[in-house]
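Peer 1: One letter stands for each residue in the lines below.
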Amino acid sequence: MAKRNAPKRQIQRPSNPGSPLIRVEDLTFYYTDAAGAAPAVLDHLNLTLTEGSFTAILGRNGSGKSTLAKHCNGILLPSGGKVYVDGMDTADDNLLLDIRRQIGMVFQNPDNQIVASVVEEDVAFAPENLGVPSKEIRRRVDEALAAVGMSSFARHAPHLLSGGQKQRVAIAGVLAMQPRCIVLDEPTAMLDPAGRGEVLSTIRKLNREKGITVVLITHHMDEAAQADRLIVMHRGRIAKDGTPAEVFRDVEGLRAMGLEVPQPVALLDELRKAGVSVSREALNVEDCAIVLADLLRSGQTCSQ
Amino acid sequence: MSVPILETVHLSHVYSEGTPFRHVALDDVHFAVQPGEYVAVIGRTGSGKSTLIQHCNGLLKPTSGQVLFSGEDIWSSKERTHQVRFQVGLVFQYPEYQLFEETVYKDIAFGPGNMGLPEEEIRRRVLEAAHFTGLSDDVLERSPFDLSGGQKRRAAIAGVIAMEPQVLILDEPTAGLDPVGAKQILDNIRAYHQEKKAAVILVSHSMEEVAREAQRLVVLREGKIALDGSPEEVFAHGDELESMGLGVPAMTAVFARLRAMGIDVPASVYTVEQARDAVLAALRRKEGRPC
Amino acid sequence: MLKDITLGQFFPGNSPIHRLDPRAKLVAVIAYIVALFTSQGFLTYGICFVALAIVVKVSTVRLKALVKGMKPVVFILVFTAVVNIFYATGTPIFSIGFLTVTYEGLLRAFFMVIRILMMISCTFLLTYTTSPLALTDGLESLLGPLKKLHVPVHELAMIMSIALRFIPTLIEETDKIMSAQRARGADFETGSLVQRAKALVPLLVPLFISALRRADELATAMECRCYHGGDGRTRMNELHYRPADTVFLICAILFAVAVAVLGAFGY
Chain A
422 MAKRNAPKRQ
432 IQRPSNPGSP
442 LIRVEDLTFY
452 YTDAAGAAPA
462 VLDHLNLTLT
472 EGSFTAILGR
482 NGSGKSTLAK
492 HCNGILLPSG
502 GKVYVDGMDT
512 ADDNLLLDIR
522 RQIGMVFQNP
532 DNQIVASVVE
542 EDVAFAPENL
552 GVPSKEIRRR
562 VDEALAAVGM
572 SSFARHAPHL
582 LSGGQKQRVA
592 IAGVLAMQPR
602 CIVLDEPTAM
612 LDPAGRGEVL
622 STIRKLNREK
632 GITVVLITHH
642 MDEAAQADRL
652 IVMHRGRIAK
662 DGTPAEVFRD
672 VEGLRAMGLE
682 VPQPVALLDE
692 LRKAGVSVSR
702 EALNVEDCAI
712 VLADLLRSGQ
722 TCSQ
Chain B
5 MSVPILETVH
15 LSHVYSEGTP
25 FRHVALDDVH
35 FAVQPGEYVA
45 VIGRTGSGKS
55 TLIQHCNGLL
65 KPTSGQVLFS
75 GEDIWSSKER
85 THQVRFQVGL
95 VFQYPEYQLF
105 EETVYKDIAF
115 GPGNMGLPEE
125 EIRRRVLEAA
135 HFTGLSDDVL
145 ERSPFDLSGG
155 QKRRAAIAGV
165 IAMEPQVLIL
175 DEPTAGLDPV
185 GAKQILDNIR
195 AYHQEKKAAV
205 ILVSHSMEEV
215 AREAQRLVVL
225 REGKIALDGS
235 PEEVFAHGDE
245 LESMGLGVPA
255 MTAVFARLRA
265 MGIDVPASVY
275 TVEQARDAVL
285 AALRRKEGRP
295 C
Chain C
18 MLKDITLGQF
28 FPGNSPIHRL
38 DPRAKLVAVI
48 AYIVALFTSQ
58 GFLTYGICFV
68 ALAIVVKVST
78 VRLKALVKGM
88 KPVVFILVFT
98 AVVNIFYATG
108 TPIFSIGFLT
118 VTYEGLLRAF
128 FMVIRILMMI
138 SCTFLLTYTT
148 SPLALTDGLE
158 SLLGPLKKLH
168 VPVHELAMIM
178 SIALRFIPTL
188 IEETDKIMSA
198 QRARGADFET
208 GSLVQRAKAL
218 VPLLVPLFIS
228 ALRRADELAT
238 AMECRCYHGG
248 DGRTRMNELH
258 YRPADTVFLI
268 CAILFAVAVA
278 VLGAFGY
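Heads up: the sequence lines are chains A, B and C, in that order.
Under my numbering, the first residue of the first sequence is numbered 422, with each subsequent residue one higher.
Under my numbering, the first residue of the second sequence is numbered 5, with each subsequent residue one higher.
Under my numbering, the first residue of the third sequence is numbered 18, with each subsequent residue one higher.
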């Protein structure tokens, strides 16, 4: 592995909600295969993610979502175009550590990202790499484990934890870098519903209470519906970008891309198709029940 | 009722007996599957689902109790246990990680080959299994490691289907797939179930999935069967399911809320189509009233 | 069956033995092994046994865990015993056919078995009471001088600690793949040696591919967490050599010297 310079900017910059944190400019990426062909995985993407936001990225397998995620902290470098993190170019080798400590990454398989045999030693891994003094590491580790609700497991062996607990340890391991943004690449794909719930509520809490920018890549429509902003990727391009309510409105368009919509959205869509006028959107069970209750109670719902 | 194709009688399984890690995974479970039935098994991680299905084809031996295939104990002789493995096909979680052959064809042929079948019969079964799982002929000659994620999964399932089991058990076959990939696999399973009149046991975490696919739901909790019945019957116990960390399909939850608000809608709704029809019916009932 | 392997397992605890500096423990283990190999008779073996018993007691490691760890070496023990019983000359006790059992042979077999048992116990004690990371840190620090000779000490220590971390994961994976192939009629238990070796292909190929995939994903995850080799790394739990460690180490070395001297006089 290439030796890289120690991080230059150790001082945590004050976060500035709403200002651009990650800027993707005309990003193109392709692998050259054995035959020399190079189909674009990412095709002239432009995207700005603002500080403090919670963005979900949906898309089929192979739509380029993971590839985009790996560009956010310089694990992959653009074939064309630029990616800037807080103004720093990810292609600049000297800035790589600075970029990586600001943009944490969590992956799908919890087993393959835990390095140490004891939970707290794993969480300490990143700050140790960054050369943080040991007392400060201790403080960060305790704080990170508390933030994900895993303090009582600090001395446990990771391989004996449940899937949801392992993912929370992985999140703590990233938090110990004190990042401004966490990118999670299908963190719940291998978990059961209880584990998914644990991870989702942890992510939401970090976003709301600590102001950490979150990028969540997922297959689960109901998880995507919880974000502030929803981006749909299709064949290496951004096909849709808006609030979940806006994006899910185009039920047929999403289905054509091989995606689904949350069931409450699907139900209201079916009702509209059957000629019922439903004026409001509902992304979750609660809202859907309220919309239906209004519909069934009031007398003004007959189709005109 | 006819003789169940698969039945467990007072089945118990204890891990690490005699150590401090002693763990009762199954506790006096009576579970029966009729020929040609489509059953879903649901439960939290650690509820005993994996232990149960590994008993169904003799991978695990009961600590006490029996497992019967067509009414006969599968542990009566070594030969019988071996034969039952082919009659009760088990597809593990993430089955694509067990692919190992040079070509997809050879990998699918591994199971039938172990059965000692003649070459032509193996060929027929491989082609049929490939057909069931929607793998084209050119895919069969490729290396399994060059396929897409969804294709790998289907190739692995084909490897079990090629044994033509009378009971096909799948442990979370759609985990980690996108909606299209998941639907494709569920359709493949349904096709096998219908054309071969085979019984299917589907282990899943998705309430929406089991509500759509299965005729009967069996809910496990702490090594015991907590609920067993049709989707309507099981989803009627919404609170109980919630307390087990399982929940009900989104549509069932919506309708439960409507009923709690005092609106007269049916309780047995668990798919979007049923929900739409129920709402339309309720609206029609109000037609009499002026808008 | 595979889950019985306890190699490299660590039982967290807070005993005085747990709290010792890993470097002190490593050197003490070496001293103890030297002592074992210089032992000659009942007195020296007895002293070694008492020393081990005291450390086990203080460490709060359960005897059961130590005994469980012995299971895989039973074969080696039996083999050693048999070889030593029959291949020693001395006062015969009885003979079976052309094999003669001697008093010296029995004694030597007994001491050899005891020696292996105590040697394994003390190394298990080390891994049971020392977290793998502390252990590799200790090794890295002890071997530190070799860095001047361009030996990649940090990299070797990192490889070792990751290997220890992944042992349980890979064992679990082996179990899973074996079950999956058994469900397709694979047979790992019967047949000739050649057949059995062939039967391992469906197990080893997926295991190897999976290990490569894990290695690749782990490398990416480590890079994401700013890993860039050993330069400029700090540690959360820095190794602090305390007076207690020095006392322990001096005791261990004195013990080894004493046993060696007694052994030299044939005790």
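Be careful, since some hints might not be right.
[As the list claims (entries may be wrong)] Distance ranges between label pairs, derived from CB positions:
{"hint": "1", "chain 1": "C", "residue 1": "G249", "chain 2": "B", "residue 2": "H241", "range": "51 to 61 Å"}
{"hint": "2", "chain 1": "B", "residue 1": "S81", "chain 2": "C", "residue 2": "A232", "range": "53 to 63 Å"}
{"hint": "3", "chain 1": "C", "residue 1": "I188", "chain 2": "B", "residue 2": "S81", "range": "23 to 33 Å"}
{"hint": "4", "chain 1": "B", "residue 1": "T107", "chain 2": "A", "residue 2": "S555", "range": "20 to 30 Å"}
{"hint": "5", "chain 1": "B", "residue 1": "H241", "chain 2": "C", "residue 2": "D248", "range": "56 to 66 Å"}
{"hint": "6", "chain 1": "C", "residue 1": "A261", "chain 2": "A", "residue 2": "S555", "range": "18 to 28 Å"}
{"hint": "7", "chain 1": "C", "residue 1": "Y258", "chain 2": "A", "residue 2": "G552", "range": "13 to 23 Å"}
{"hint": "8", "chain 1": "B", "residue 1": "K290", "chain 2": "A", "residue 2": "R625", "range": "35 to 45 Å"}
{"hint": "9", "chain 1": "B", "residue 1": "T107", "chain 2": "A", "residue 2": "G502", "range": "37 to 47 Å"}
{"hint": "10", "chain 1": "B", "residue 1": "T107", "chain 2": "A", "residue 2": "T449", "range": "27 to 37 Å"}
Keep in mind that the hints were calculated from the coordinates and are not lab data.
Predicted, not measured: the structure shown is a model, and the values here were computed from it.
Cβ atoms here follow ideal geometry from the backbone N, Cα and C, with glycine treated the same way.
Peer 1: Now tell me, hint by hint, if it's right for this structure.
Peer 2: A quick look at each hint next to the structure:
no. : hint                           : in the structure
1   : C:G249 with B:H241: 51 to 61 Å : holds (58 Å)
2   : B:S81 with C:A232: 53 to 63 Å  : violated (43 Å)
3   : C:I188 with B:S81: 23 to 33 Å  : holds (31 Å)
4   : B:T107 with A:S555: 20 to 30 Å : violated (54 Å)
5   : B:H241 with C:D248: 56 to 66 Å : holds (60 Å)
6   : C:A261 with A:S555: 18 to 28 Å : holds (20 Å)
7   : C:Y258 with A:G552: 13 to 23 Å : holds (22 Å)
8   : B:K290 with A:R625: 35 to 45 Å : holds (39 Å)
9   : B:T107 with A:G502: 37 to 47 Å : holds (39 Å)
10  : B:T107 with A:T449: 27 to 37 Å : holds (35 Å)
Of the hints listed earlier, those the structure fails to meet are numbers 2 and 4, in rising order.
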